[in-house]
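*Asks:* Mind docking chain L with the ligands on chain H? Use the hints.
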Amino acid sequence: MPKKPKIAFYWCSSCGGCEESILDLAEDILAVVEAVDIVFWPVALDVKYKDVAAMGDGEITATLINGAIRIDEHESMARLLRQKSKLLIAHGSCAHLGGVVSLANFSEREDIFTRLYSDVPTVKNPQGLFPKSGTIDSGNYLELPGFNDTVKTLDQVVEVDYYIPGCPPTPELIKEAIMAVLEDRLPERGAVLAESKALCHTCPLKESKPETIRIKKFKRLYEFEWDPSRCFLEQGIVCLGPVTRGGCNARCIGANMPCSGCFGPLDNVTDQGAKAASFLASLIDSTDEEELQRITASIPDPAGLFYRYSLASSMLKGKVAGNKSD
Amino acid sequence: MNDFEPKIVGFLCNWCSYEGADAAGRARKVYPANFRAVKVMCTGRVDPQFVIKAFREGADGVMILGCHPGDCHYKEGNFQALKRYAVLRKVLVQFGIDEERFRLDWISAGDKEKFVDVVTKMTDSVRQLGPLRG
Ligand code: SF4
Ligand code: SF4
Ligand code: FES
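Protein sequence lines correspond, in order, to chains H and L. Counting with the numbering used here, you get residues 1 to 326 for the letters of the first sequence. Counting with the numbering used here, you get residues 327 to 460 for the letters of the second sequence.
One chain only, chain H, in its complex shape:
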């Protein structure tokens, strides 16, 4: 019997949603399990790091890594799995672009610790204990993974062959990616394995999207009674569909939510947030400076909105400096 191709899954700084997206393959997962050997999958299999280290270089056909790089253990595991795998695939927004977890790059490492281990009202920490990467306990030195200064994308640490976008990706895209690996029909290296057109092209509300949209106030869903059968943007609700890669089956739109951009930017866009900001600004129906101030004030957290899934991959990668006005 010919040997089955080996597949591995690993998680870095993630919420677990990407792992769920594999389980969401439901009965299709049986077909995958039939066709491959899953040799490493911490959430489901008891395989140790040392077992991975003992594998030959390139022995794993493809490894899917989800989550962003937050601690040094993520970095060393990414390197190890890169070495052991023919193909390394970034699975989900966090591995692809930094994801929601990389919004932490708007805060300094020390501020994150102070907030989490001291300032949060429900935290009691009278001894002032903070995480450390090593400690001596009853004469034994214990080592823990170290917390890096910033969150990185997977490809800022190792070379990545393909990207499956989404927060999380759809099971269809994961299945399609694995089948493409098995059937040896992957596109050019470096490709994002989803559509190349913007989400609007496949949005069920696209017929109601007018040629030109002019916005006097950005409105939020709770502020008024909006019409679920009409394009969100046309109603003044921020929808990032026009600047977001399609391929998600417009699942947010189907659930009466505007697109928040998890599939990332279109090809040739370096900075998803800058592109989104530029696009939304162009829809504003005013050239009066005071009115512009009022209209932009209706976007309460613009950086969080535009960079929700991509701060680590953005051109500035995170906070540049402390504001003098802080």
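No lab work stands behind these hints, which were simulated from the structure alone. Owing to the predicted nature of the structure, the values given are computational and were not obtained by experimental measurement. Hints are not guaranteed to be accurate.
[As the list claims (entries may be wrong)] The list that follows gives simulated cross-link-like pairs (lysine-lysine, DSSO-like), each with its CA atoms no further than 30 Å apart: (1) Lys416(L) <-> Lys219(H); (2) Lys333(L) <-> Lys317(H); (3) Lys319(H) <-> Lys416(L); (4) Lys319(H) <-> Lys379(L); (5) Lys333(L) <-> Lys355(L); (6) Lys401(L) <-> Lys209(H); (7) Lys379(L) <-> Lys317(H); (8) Lys216(H) <-> Lys416(L); (9) Lys317(H) <-> Lys416(L); (10) Lys447(L) <-> Lys319(H); (11) Lys333(L) <-> Lys319(H).
[What the hints assert, rightly or not] Label-pair restraints from in silico Cβ distances: (12) Glu159(H) <-> Arg382(L): 19 to 27 Å; (13) Glu234(H) <-> Asp329(L): 50 to 58 Å; (14) Lys401(L) <-> Ala191(H): 35 to 43 Å.
From the three backbone atoms N, C-alpha and C, an ideal C-beta is built for every residue, glycine too.
*Replies:* Just chain L with the ligands, lined up with the frame of chain H:
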């Protein structure tokens, strides 16, 4: 810190503001050497990614200088620039880039005094703020 000289990158449109800067030069007006001019056809061409890139590559301040409202050679380019500026300014503050580090102004081809004035004021206020990456 006293001898800190900021780097200011300016995106100037070809038709008005670059002309204005040129006129200032021809008239031998003195303006701070901190200013690095980048000529663009129109301020409407200034993608926010250009501004962000300038800050990433070491600018302490960025200016967009274009034709007065109504004078843009492509009709609405400067209005597009103004709208993007309004949004981008708020975004940059969240990245730790103070509002004073990013300015937009209108300079016509004959505005040599105004050109010298806005560039000098910008340089002074950024000098006060200190280097972006302190
Ligand atoms: S802007 Fe949003 S709601 Fe409108 S067509 Fe595009 S994806 Fe659909
Ligand atoms: S609609 Fe937008 S946010 Fe929702 S899944 Fe699709 S790409 Fe992601
Ligand atoms: S040509 Fe000067 S701003 Fe458009």
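*Asks:* Could you work out which of the previously given hints the structure breaks and list their numbers from low to high?
*Replies:* none
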